[in-house]
Each structure stands twice: as C-alpha cells, then as structure tokens.
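Fit chain B to the given chain A structure using the hints.
Protein chains: 2
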Amino acid sequence: MGSTIYCHVIYHEAGETMVIQVNAELMNKRSAEALVEWLGSFGRTGKGGVTRLLYTKSWKEAQQALKNLMEENGLPAYYDCIGNLFGRLQGTETPGRTILTGSHIDTVIEGGKYDGAYGIIASFIAVLRLAEKYGPPKKSIEVVSLCEEEGSRFPLTFWGSRNITGSYDLDCVKDVKDSDGMSFMEAMKEAGFNPQDYSPPIRNDIDSFVEIHIEQGMTLERNGKQLGVVSHISGQRRYTVLIKGESNHAGTTPMPYRKDALTTAARFITFLTEQAGETDPHLVATVGRLTVRPNVSNVIAGEVEFTLDIRHHQEPVIDSFCHTIFKELKQLSVNMNTEAFVSLWMDAKPVKMDSGIGQLAMELSLEKSILCQKMISGAGHDSQIFGQKYPACLLFVPSQGGISHSPEEFTKSNDLEAGIDLLTDVLHKLAY
Amino acid sequence: MGSTIYCHVIYHEAGETMVIQVNAELMNKRSAEALVEWLGSFGRTGKGGVTRLLYTKSWKEAQQALKNLMEENGLPAYYDCIGNLFGRLQGTETPGRTILTGSHIDTVIEGGKYDGAYGIIASFIAVLRLAEKYGPPKKSIEVVSLCEEEGSRFPLTFWGSRNITGSYDLDCVKDVKDSDGMSFMEAMKEAGFNPQDYSPPIRNDIDSFVEIHIEQGMTLERNGKQLGVVSHISGQRRYTVLIKGESNHAGTTPMPYRKDALTTAARFITFLTEQAGETDPHLVATVGRLTVRPNVSNVIAGEVEFTLDIRHHQEPVIDSFCHTIFKELKQLSVNMNTEAFVSLWMDAKPVKMDSGIGQLAMELSLEKSILCQKMISGAGHDSQIFGQKYPACLLFVPSQGGISHSPEEFTKSNDLEAGIDLLTDVLHKLAY
Numbered sequence: 001m002g003s004t005i006y007c008h009v010i011y012h013e014a015g016e017t018m019v020i021q022v023n024a025e026l027m028n029k030r031s032a033e034a035l036v037e038w039l040g041s042f043g044r045t046g047k048g049g050v051t052r053l054l055y056t057k058s059w060k061e062a063q064q065a066l067k068n069l070m071e072e073n074g075l076p077a078y079y080d081c082i083g084n085l086f087g088r089l090q091g092t093e094t095p096g097r098t099i100l101t102g103s104h105i106d107t108v109i110e111g112g113k114y115d116g117a118y119g120i121i122a123s124f125i126a127v128l129r130l131a132e133k134y135g136p137p138k139k140s141i142e143v144v145s146l147c148e149e150e151g152s153r154f155p156l157t158f159w160g161s162r163n164i165t166g167s168y169d170l171d172c173v174k175d176v177k178d179s180d181g182m183s184f185m186e187a188m189k190e191a192g193f194n195p196q197d198y199s200p201p202i203r204n205d206i207d208s209f210v211e212i213h214i215e216q217g218m219t220l221e222r223n224g225k226q227l228g229v230v231s232h233i234s235g236q237r238r239y240t241v242l243i244k245g246e247s248n249h250a251g252t253t254p255m256p257y258r259k260d261a262l263t264t265a266a267r268f269i270t271f272l273t274e275q276a277g278e279t280d281p282h283l284v285a286t287v288g289r290l291t292v293r294p295n296v297s298n299v300i301a302g303e304v305e306f307t308l309d310i311r312h313h314q315e316p317v318i319d320s321f322c323h324t325i326f327k328e329l330k331q332l333s334v335n336m337n338t339e340a341f342v343s344l345w346m347d348a349k350p351v352k353m354d355s356g357i358g359q360l361a362m363e364l365s366l367e368k369s370i371l372c373q374k375m376i377s378g379a380g381h382d383s384q385i386f387g388q389k390y391p392a393c394l395l396f397v398p399s400q401g402g403i404s405h406s407p408e409e410f411t412k413s414n415d416l417e418a419g420i421d422l423l424t425d426v427l428h429k430l431a432y
Numbered sequence: 433m434g435s436t437i438y439c440h441v442i443y444h445e446a447g448e449t450m451v452i453q454v455n456a457e458l459m460n461k462r463s464a465e466a467l468v469e470w471l472g473s474f475g476r477t478g479k480g481g482v483t484r485l486l487y488t489k490s491w492k493e494a495q496q497a498l499k500n501l502m503e504e505n506g507l508p509a510y511y512d513c514i515g516n517l518f519g520r521l522q523g524t525e526t527p528g529r530t531i532l533t534g535s536h537i538d539t540v541i542e543g544g545k546y547d548g549a550y551g552i553i554a555s556f557i558a559v560l561r562l563a564e565k566y567g568p569p570k571k572s573i574e575v576v577s578l579c580e581e582e583g584s585r586f587p588l589t590f591w592g593s594r595n596i597t598g599s600y601d602l603d604c605v606k607d608v609k610d611s612d613g614m615s616f617m618e619a620m621k622e623a624g625f626n627p628q629d630y631s632p633p634i635r636n637d638i639d640s641f642v643e644i645h646i647e648q649g650m651t652l653e654r655n656g657k658q659l660g661v662v663s664h665i666s667g668q669r670r671y672t673v674l675i676k677g678e679s680n681h682a683g684t685t686p687m688p689y690r691k692d693a694l695t696t697a698a699r700f701i702t703f704l705t706e707q708a709g710e711t712d713p714h715l716v717a718t719v720g721r722l723t724v725r726p727n728v729s730n731v732i733a734g735e736v737e738f739t740l741d742i743r744h745h746q747e748p749v750i751d752s753f754c755h756t757i758f759k760e761l762k763q764l765s766v767n768m769n770t771e772a773f774v775s776l777w778m779d780a781k782p783v784k785m786d787s788g789i790g791q792l793a794m795e796l797s798l799e800k801s802i803l804c805q806k807m808i809s810g811a812g813h814d815s816q817i818f819g820q821k822y823p824a825c826l827l828f829v830p831s832q833g834g835i836s837h838s839p840e841e842f843t844k845s846n847d848l849e850a851g852i853d854l855l856t857d858v859l860h861k862l863a864y
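Note that the protein sequences, when read in sequence, are chains A and B. Counting from 1, position 359 in the first sequence corresponds to residue 359 in this note's numbering; the numbering is continuous, with no gaps. Counting from 1, position 88 in the second sequence corresponds to residue 520 in this note's numbering; the numbering is continuous, with no gaps.
Just so you know, the hints here were simulated from the structure itself, not pulled from any lab data. Note that beta-carbon positions come from the ideal geometry of N, C-alpha and C, so glycine has one too. Worth double-checking, as some hints may not be accurate.
Pairs of lysine-lysine residues, derived as DSS-like cross-links and limited to a Cα-Cα distance of at most 25 Å, are as follows [as the list claims (entries may be wrong)]:
(1) Lys57/A - Lys174/A
(2) Lys621/B - Lys492/B
(3) Lys47/A - Lys676/B
(4) Lys389/A - Lys352/A
(5) Lys621/B - Lys244/A
(6) Lys844/B - Lys800/B
Derived contacts from chain A toward chain B, CB cut-off under 8 Å, selection only [what the hints assert, rightly or not]:
(7) Gln216
(8) Gly217
(9) Pro254
(10) Met255
(11) Ile269
(12) Thr273
(13) Arg311
(14) Gln314
(15) Val317
(16) Ser355
Now the stretches of chain A that chain B is said to cover, found in silico as 3 or more residues with beta-carbon under 8 Å [said to hold, decoys possible]:
(17) 164 to 176
(18) 242 to 251
(19) 278 to 291
(20) 296 to 303
(21) 361 to 375
Pulled out of the complex, with its shape left as it was, chain A reads as follows (with noise of 0.2 Å):
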C-alpha cells in the first residue's frame, strides 16, 4: 500500500456531523486492480498463486490488513466471534437494518486473486464512493470478508456465511480436523478466536446481501457481456458410486465372464455425460475423481469408485436425472456382472436469488450501457447461504477462458471497474 494518505470527508446530515476518512491515494486511483493485487499478497505462493486457509497465519494477516485498511478509510471495523471482519458505514434513519455485501476472505490451495477478495475490495471501494459522494446512507451498510467458504482446509464449507445465518454453530466444527490432524477448534484458537467466546453471531438486522463474484465459468465472455445478474445458484448433489467387480487375470480371462469394474463405470460415465447433455442445458454432471483397484495394467479392475457431481437450478429435474441414471446403473451393473453401491453425501438445495434486487441491477446496468444478462449460477456461493434468509442478489464478472481456483485466474481491470460501477448503484438504491 505503500504510504497512506488521507482526506477526510465530512458530512452533515441531520443535524449530525460526520467523518469519512478516505484512502485518497487509493480513491483517486479508484483502483480495484491494485487492491485485489494487495489482498493477493497475503498468501501468494511460489507459483504465483494464493493459498489462504481459515485460521493461518496469511489468513489473520489478511483479515488484520483489511481491518486496517477499512479503518483507515473511515469504516469502523470488527470481527464477530468466529473472524467475520465487518467494516460498518452507519445509516442515518434505520441504522438497525444493514444492507450487507462482500464475500469470503479464504482460498482453495493454490487459487487465484480474484475468487473472493474481488468482492470484497469491489464491496469496499463501493461504500467508500458512496460515502464520498452521498454521504452516510439511511439504512446501514456493512462490507464483509466472510472467513470461510470454499471448504479447503477443513472438510465443510461455508463457516461464515452459516454462522451468521444461524445454520452452523460449534457444535457443528466439534470434531472437524485438517488433513494435519489439528482441530477446527484448536486452529480458531490460535488464529484469535477462542472458541470459549463463543455464542452463535447470528445477525438480524440483515436487510438483503449484495456479493459481486468472478463468475468462475465462460457464460459472460462467450456472450461478450462484462456483467452477470444471477436469478439462481444451482443445487447440487455429491455421490460416491462404488462399483465391484473381481480382479482377474487381463490374459486368461475371456471377455464374457469378466466382472469388469472400470468397464461398468465407463460404460455408467458414458450413459450419463449423454443424458446430461440432452436433459437441459443447464444440466451438468461430472464425475472427476475415479480411482482403480487394484490398478494394474494386466490385471482387471475388482472395484472402481467415482465422484459423481451432479448441478441444477430446479430440483425436480436433479431427481429426475438421478431416477434416469441409476435405473440405467442398476441395468448395467446387472448386465456387467458387477455390483453398484451409491452413497450420497451433499445435498445442497437449488437457491433463488431475489427477483426485485435482480430486476433493479438489470435496470441500472442498461442505464450505465453496461452489457448485462441474466443467468444461472453452477458454483456455489455464500449468496446461496444468504439467500435462504435474507434478500440476495448475486453479481458476476467475467473470468477469462473461464478459469478459477487457479493462478491463471483473471479479469480485466475494465471488468472489474464496471462491477465495481455497478454494485455502487445497487447498494445506492438499497441503502439511500
């Protein structure tokens, strides 16, 4: 950040005299590339990338610079008991209700810059010009960097957004560990947040929850739009697929009496990528872990197991595609001489975003000549978790060639800018 200069902003209003005070160096800039830059570097790894995990050392340091940087500039700054870090600009006439709006602090090993910090710096920039330009808002705002979503050190996702809205607790983390053997619990501890201190940080003074997001896809690139207004986030459905077979000899063993195991599973994973693609286009389904047993080239496989992932905005056609593609592995698996075991282990429910929020981004995009389109969300968000309590509403941005959860990851600084442009407005409308 280099030295900091401040101007500070005042206000009156009301009656009441207020103070801003604002990064000018980073105000005149208006520079959202250089701050997603800034944020990266807590956690930037060797290959260029960002590893930030919940409750490491980069993860404190990023979430203590931040809560400088919003008090520096003029946002009273704190964290709830789990490491929430909220940068609070008061409102003037219903203080109590917040309009809220940010995103997720952490990254998955080895990600990119903009998953995340992109809107939170979008977010903060975006209530430092309002400030700056309308003064204190009616209702609150308040920008946060929630302190975990992707679910990459321990195994669940979502830790803040679900504290706040009161579907986690403790309880829920009481024998979580990482793949290190230290305790969720034990991890909070040591990064400040004693698990002692605990009572649930659920919030209702939320008013609706605004985040901006690269869009992690190439929906927005390939239609040349620079901005996203999601009306849903997919659900999705986890399963393991076991598939058993016997191990036999690749020489001795005549075709018709094999009990192949990777034969059944290819022959599963070519039946269900076609109906996927016939089914709807907003359909996906992908099976991206598979491992073999006992994986020798001259033996065949006894047992093959596989991810299968499967992603909709409407439930009845996930169950409906599920029925589809398992009657047809039951079929095969009889056919094949193999057996089939399907486990499911995530459910999550498709989320509506809010339609009047939506309609009201669409309007000011086409105002501003900023080329917007409606669309789905296929990967999850913490607007998903928001979105089953309170109002949502979801921006995307592009991300070039589609590309996230990688170094790789990148968005132009124009398209940046144009989100940034255009969550201002939102939060103008919401909260003015």
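Frame of chain A, contents of chain B only:
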C-alpha cells in the same frame, strides 16, 4: 522336509551301473502337494502368500534347497552363470541332446505357491519317477528351475529363459534397478552370481522344452477338464493412452463446452470392450490401470492416462482390432474436443507350441482317461521364449476360480497329480 530317508535304486543299463538316490518318503507319498507346500515356505508372507523375488534371500534359499533336493535324489545339479538351476538325468544314447522341463522359481509380490513352483516340482517328480521306473533315458533330461519370469522385482521379464535362448544378455540389465534403487548387477552379485563371471548361458543342446503350469484362468474348471494342452500362447500388446482435455469447474462449464478427458476415456473403454467381445472369442482387451488428473470431485478431468492390454494368438487379429479401436479413438477425441496420445510399450508376438508334442500329449491323456482339451494361453509363460527357438510344449492344470498371483491360488491335489502323470508320459516318449 523333516528327516530324509533315501532308498538307493540301482540300474544296470548298457553294461553301466547307475545309482539313483531317491527320497523314499517323498517318493512313497508321490506328493506334489507336499512339495509345493514345502517350496512355498521360502518367501511365505504373513497373509499366506509367497513373495520370492529374483536374487533375494528367499529366492536364494529356495534355489539352494531345490539344488540339495535334486542332489539328494540322485540328480546332479548345477547353476548357470545367472542362477538358473538344472538337475540332470544323463542320457545313455544321445546324452548331448537334452529334454528340458521345468518352470520359474520367482513369484509376484504376494503371489501364490503354485505359479511357477508347481512346474518345477512336477518336472522333478516326473523325472524321479522315470528314473525309478525306466532307469536312465536315451536323451538327457534336465529339470530346470528358471531364475526369473514375472518381472516383479526388476522391470524386465523372462530373464531366465531369455538367457538360455540367447535373446537377453548382461547388456540388457546394465541400467536396470529395482524400486529400492538397487542395480540388477549388484543384486545378482549379492546372490552369488558375479556379473564378472557372466558368459551367455545359451543352450544349443535342447531338443525340446516341456512346461507344466497352473492355468491362471477358468477355462478348464468351467469345462470340467483336468488338463489343457496349449496350442498357442497369445501375443500381447500393451499401450499407454493419454487423453488431454481441460480441467474446469464442474458447476460452471456447460456440457457442450467441456473438454472432459474422463468422458473421452469412458467412451473409448466402452467401445473397445464391446468391440473385443464381438471380434473373436479369444481376443481379450483390458484397461486395468487408469489415473485421473487432478482427480477432484468438482473439477472436470483435464488428463486421463490408462493402460491397454490386448491379446490374441493370431497377430492379424490384433492388428485389425487395434486399427479399429484407434480409428475410433481419433474420431472420439475430435468429437469430444480432447487429444489422444497412444504409445506402445510391449509387443510380444504370438508363439505356436509344437503341434507334434501337443498331439502326443492329447493322445497320452486319452490313453490315461485324463479329461483334456486343447487351448490357447492368454498368459505369458517361459514356453513362449523357448518356443521361439526349440519345439516347446505347455500343459495346464486347473486353477480354482481362475485365481492366480494371489495367496488364494489353489489347484486340487488330484489335478496336480494328473498333470504329473501326463508330464511323466510325455517326457518318457521324448527321452526314452
């Protein structure tokens, strides 16, 4: 073996007196089962399997114990310079022509006690019986315990038989190491076979080679036969196929825009296994090893690498099959927006066994009312190396459940004995 009781059988033949020392206990029992069990004690594992890798301690102990057993039973025994062990019954008329009979002493890791070992024991018992019943043969007979066939310690196979036939020499192993980094030559030296003493142990005195082995398949069991006479040993081609696609987000990448390496692989495996089933009953095609990168449930597979093992006893059938499937792979890769790279790393030609000895074996089994059938061997055996240079005969006894290379390997005592009966008769016809 407990205490050893010898009886001295004295033959008078062509004016000479030969004394053949026979272990009476074993000979009385005529127990292949007991000897297989005994040999399996060298390298016995905790799971009840056998791990007896080339030039290891258990390998050396097994060879030395066999050498002692041969010598105690009247067969002068010797090693060649790489550790193949021979027990010789000298011929009286053309002692310079030798009928070689036996199999390999090494096992896979956690293998069974029959694979290889049974062939050595059967040959040993057969030769003792012949000596006992008929005295010395016209041609010499040698029982061989081949030092290596499986390729389980070092990445090369048939080290024993390929030295005898001259297709391998010391140059072939000069850069070869085991998985612990020990060089082949160092291991050889440690086992007592100094590479400095190496001189190609090629045998030009071999009249024919006769091997008996467990089937390692279910053909005999399924057909209710006790014996198989192998007409051909299948050729084998092994390929590595690499499919390159593009890793991408499982939720945000619509099906038509995917470059899913695993889906391409699945379609190819589906096609090739269906095609193999339709082409020829003797053709087998196996994908036994497959790895996915990055192998994460919510990431589309960017790369999939798998092996392909194709076997048939007629090369034109393999040629035509490979042509068909790789043409399909090319088309599939284009259709799926992925790339495929195919590399051949093993190409063992089919080998025909000697039809004269095969016919003889069929007739002899008919005489003895042993239920017998001609068959193809889909597995590789030392006979395929010998069969390229000398007339060779390969006989099979059933493997229960087709299981081999496993502690579960099992062949019934009756079947072991029927095999020795037939082998004895075949050797009798060839050497007397």
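Consistency of the hints with the structure:
| no. | hint | verdict |
| --- | --- | --- |
| 1 | Lys57/A - Lys174/A | holds (22 Å) |
| 2 | Lys621/B - Lys492/B | holds (12 Å) |
| 3 | Lys47/A - Lys676/B | holds (22 Å) |
| 4 | Lys389/A - Lys352/A | holds (11 Å) |
| 5 | Lys621/B - Lys244/A | violated (44 Å) |
| 6 | Lys844/B - Lys800/B | holds (18 Å) |
| 7 | Gln216 | holds (5 Å) |
| 8 | Gly217 | holds (3 Å) |
| 9 | Pro254 | holds (6 Å) |
| 10 | Met255 | holds (4 Å) |
| 11 | Ile269 | holds (4 Å) |
| 12 | Thr273 | holds (5 Å) |
| 13 | Arg311 | holds (5 Å) |
| 14 | Gln314 | violated (15 Å) |
| 15 | Val317 | violated (13 Å) |
| 16 | Ser355 | violated (22 Å) |
| 17 | 164 to 176 | violated (count 0) |
| 18 | 242 to 251 | holds (count 4) |
| 19 | 278 to 291 | holds (count 11) |
| 20 | 296 to 303 | holds (count 6) |
| 21 | 361 to 375 | violated (count 0) |
Hint violations for this structure: numbers 5, 14, 15, 16, 17, 21, all remaining hints satisfied.
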